[in-house]
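J.: Chain residues, written in single-letter form:
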Amino acid sequence: MVSGAKYSPASFLSRLMKPFITAHKRYGTEWWILIAGALIILFMIYMALFPSTLAPYDPSDQAAGPQLGEPSRAYPMGTDNLSRDVLSRVIHGSRTILGVAFAAAILSSLIGIPLGLLSGFIGGIPDRILSLVMDSVYSFPGLILAIAFAAMLGPGVVNITLAVAVIYIPTYFRLVRGQTLSIKEELYVEAAQAIGARRWTILLKYIFPNVIATVVVVFSLNIADAIMTEAALSYIGLGLPAGIPDWGRDLSMGKKFLPSGVWWMITYPGLMIVILALGFTMLGEGLSEILNPRLLER
Amino acid sequence: MKNLLKYAVTRVFLTIPMLFILLSLVFVILRVMPGDPVAAMLGGHAPPEVIAAKREELGLNKPMIVQYGEYLAQLARFDLGDSMIFDQKVGTPIAEKLPATLELTITGMAFTLLIGVPLGAYAASRRRTGRDFGIRLYGNVAYCIPVYWMGLMLQLVFGVWLGWLPIAGRTSPRVFASLFEKTGFYVIDTLLAGNFAALGDVLLHLFLPSLTLGIVLSGIFVRLTRANMLDVLKSDYVLAARARGIPENKVVYRHALKNAFIPILTMMGLQFAILLAGAILTESTFSWPGMGRLLLERIRLRDYPTIQGVIVVFALFVSLVSLLVDLIYALIDPRVKY
Amino acid sequence: MSEHVLEIKNLTIDYPISIGTVRAVEDVSISLRRGEVLGLVGESGCGKSTLGLSILKLVRPPGRISGGQILYHGRDVAAMPDKEILKLRGQNIAMVFQNPLTSLNPLFRLDRQFLETIRQHDPGVKKEDAISRAEKVLESLGIEKKRLFEYPHQLSGGMRQRIMIGLGLIMDPDVVIADEPTTSLDVIVEAGFIDLLNRLRDQFSLSIILITHNLGLVAEIADRVAVMYAGRIVEVGKADRIYHHPLHPYTQGLIGCVPNIKLDQEELVTMGGNPPDLVNPPHGCRFHPRCPRAMDICRRQAPPLKTHAGGQRAACWLYENKEASA
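Chains as they are written, first to last, in the numbering used here: chain A, 1 to 298; chain B, 299 to 636; chain C, 637 to 962.
In isolation and in its complexed conformation, chain A is listed as follows:
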């Protein structure tokens, strides 16, 4: 082969695209949904980590522009009642919502997954009691519980994260417990012959890896849900203290000016919530289809 040809931009591009094309052939539309979701998420994460690189103004700057200014070239998303640039607030707001949602999901899973594993594995009365409790919580509207928790705990990032985290623990618990139970049925005979210590290894080596695939999907969908919950809590005023840019609270602020026709304060923050939640949903759905394909279903 001529050495020069290896480094041409065309061949580089085609080599880069190859794994994508192969995946597309294998998984079809789902693959692109997953990619779209991943791109959205990556973009939002970047926005959350480095907002200043994107935002034209300081989000708390109360003299950034006119008061309640309509969207224009200088202020693409307009300005709010305190003369702050909405675009900058929207960009900075991504940090709060993403941070809380991620942290809550991680916390829920860290508690729910081991509990589910243990409960399913050990079985018996403790399992039944725990399942009953988890089922009851699960059947209750999550938001209402979160509201109750947030109300009692008071404002603050940590409190909000806790409030959101608590309501998703049953999700992970039920998922992992169910899988543990079905796998336990299969291995039980072997386990009976093994020594006690080896049963732990069975738990870790066999059950856990099978569970991981489903957990990853649920995790992504969970974050989408947590995003919605956090935004809802902020909207009704139970969220973070004033001053931190937050999509939910900006929505509730903008609500007051809606009757006078000020549409930009509510449209953009809300749109961001939709896009971010969609991103995680698409990632989760795409992953789900790829990891557990439903043959000929569609």
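Among these hints, one or two may not hold up.
[Said to hold, decoys possible] A few chain C residues that don't get close to chain B, going by computed Cβ distances all over 10 Å: (1) Arg659; (2) Arg711; (3) Leu722; (4) Lys723; (5) Arg725; (6) Pro742; (7) Gln756; (8) Pro759; (9) Gly760; (10) Leu803; (11) Asp808; (12) Asn834; (13) Met907; (14) Ala930; (15) Arg935.
[Said to hold, decoys possible] The list that follows gives simulated cross-link-like pairs (lysine to aspartate or glutamate, EDC-like), each with its CA atoms no further than 16 Å apart: (16) Lys723(C) with Asp810(C); (17) Lys763(C) with Glu780(C); (18) Lys548(B) with Glu752(C); (19) Lys693(C) with Glu546(B); (20) Lys548(B) with Asp718(C); (21) Lys723(C) with Glu546(B); (22) Lys723(C) with Asp747(C); (23) Lys762(C) with Glu775(C); (24) Lys719(C) with Glu546(B).
No lab work stands behind these hints: they were computed from the structure. The C-beta atom is built at its ideal place from N, Cα and C for all residues, glycine as well.
Got chain A sorted already, so can you dock chains B and C onto it with the hints?
T.: Structure of chains B and C alone, referenced to chain A:
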């Protein structure tokens, strides 16, 4: 019929443990959480003796077990306690506002089904076409839309820009609720009073908030209906019906849908909980005087007994609806023995 | 010519799927005479069910008829518009399926299912007339009238199967296609079913296509038998000819496989090999990988269906030089 009653009673007994756990959970949340409600209530600067006296008065110094026992005993008497802020029983504002929330919730569920089920059935019958894909996209996106944002957008378009529909309250200020209020369900009340002008006004006010709820929740039903329908459309009896010359649309909407509906019914029961949560947010957006707004208002005022009362009522309703769904399921499916 | 109720000519049915195209039925030509019972036999996946479904254009998409004609009294079903097909289904040609529990809508009472069918083909009919027609049919099938007002799950398997036949016969069709009708029934019910089919054939000159893998069933009631393998017909002829003088090696294998209590067999005879891959079928004669008498030509060319002694037709190179006139 007698059998159905027996079946109902059995189901009630099964629901009780769950309800019990929920009520206990509510208790735990509201008592065992950090933060002193009494201090907050008295303004945070009150001297410790005053705080202590107030605590004694409210019975908050008794051991937790005793408080728990009193709580359960009270509930058993259907007494939700007394408000900490206002001079009223907790039950009073709840009874006032409950019909408003129910009216909103039920209409919302109706919209959800009206939008979600036909769309899902249509998507299943046009599988793999562009329309199917579009409907599925709608189903996925709808779930990601915050219900309050949807409400605000609808208000913007239909209330502010077009001016067609009202965006706040259950009635216009000119229409006095006291004129016709009997059950608290304004749609029923205005009909009973024969006051059609007021009925029109009430319906106009009811439309946007329940449509908001309906649209946001319809996504789930679109997907569920579609999935169920696809399954059912593959089944043997559908093939046999086609073989007898039954035209495709009758096959889809009569044979298949009825069978696919059963899981949808169960889902309705599950979704009711989400509907209630959505109702709280919608009430806040549309200034709808229901339990949701009551909850938020009392949270702000730190009226813990009322907060507790509202949540207890919510828990009761969720259990009730799930029970109802079980019963309807038994009625629809002739295979269920009772 | 008009003796043939159904004539299938060079029918080909394809299923385009992601990994290739499955040719479920290839170049099949067969006809059904008035008042005759045609048995269509073959192992699972040979295309017999697909063939049966195609007669009423019930093949599920993406499957489609890609060639040939299905002539019912001279009219081509394959080319008919949907509205015409709906008239045909259940009225002129009826189809009865394998599992009567899952083939009846569990949520609808039986009278409703009958009413619906009757009203579909005879819109102006009065409810009482329709119900009495249904009752008459049930009576002739040996089911009490009151059963009409029950739900499918309340009946026994045999009764359900008869209800299915009732639904098929209610509009007096002249062709009935029965797809594995007794597979989910026990032998006693099966015997009753055989009597029933005989009665129908004698009383109403019904033409019946019996699709099954159960050779014993076919032996009892079929007038003619067609054997299918991998989407093609490999042998056709009068039932007793096929049984006593099977020509095609596959047919011979099939008949040899049926256990016979009277014979002193120590082992069950089986046929080796696996069913063929229909996406990439074997070259030439599709049976050659499993044929105990395969020759060189079998690998290269597919044998045509040729008529032999006694009106029997077989597609096999073994008989290429031994043709006799029909």
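J.: Next step is simple, just say for each hint if it's right about the structure.
T.: Each hint, compared with the structure:
| no. | hint | verdict |
| --- | --- | --- |
| 1 | Arg659 | 22 Å, holds |
| 2 | Arg711 | 16 Å, holds |
| 3 | Leu722 | 5 Å, violated |
| 4 | Lys723 | 7 Å, violated |
| 5 | Arg725 | 4 Å, violated |
| 6 | Pro742 | 6 Å, violated |
| 7 | Gln756 | 5 Å, violated |
| 8 | Pro759 | 12 Å, holds |
| 9 | Gly760 | 16 Å, holds |
| 10 | Leu803 | 6 Å, violated |
| 11 | Asp808 | 13 Å, holds |
| 12 | Asn834 | 23 Å, holds |
| 13 | Met907 | 30 Å, holds |
| 14 | Ala930 | 38 Å, holds |
| 15 | Arg935 | 39 Å, holds |
| 16 | Lys723(C) with Asp810(C) | 13 Å, holds |
| 17 | Lys763(C) with Glu780(C) | 19 Å, violated |
| 18 | Lys548(B) with Glu752(C) | 10 Å, holds |
| 19 | Lys693(C) with Glu546(B) | 13 Å, holds |
| 20 | Lys548(B) with Asp718(C) | 14 Å, holds |
| 21 | Lys723(C) with Glu546(B) | 13 Å, holds |
| 22 | Lys723(C) with Asp747(C) | 21 Å, violated |
| 23 | Lys762(C) with Glu775(C) | 20 Å, violated |
| 24 | Lys719(C) with Glu546(B) | 11 Å, holds |
Comparing the model with each earlier hint shows violations of hints 3, 4, 5, 6, 7, 10, 17, 22, 23; every other hint is respected.
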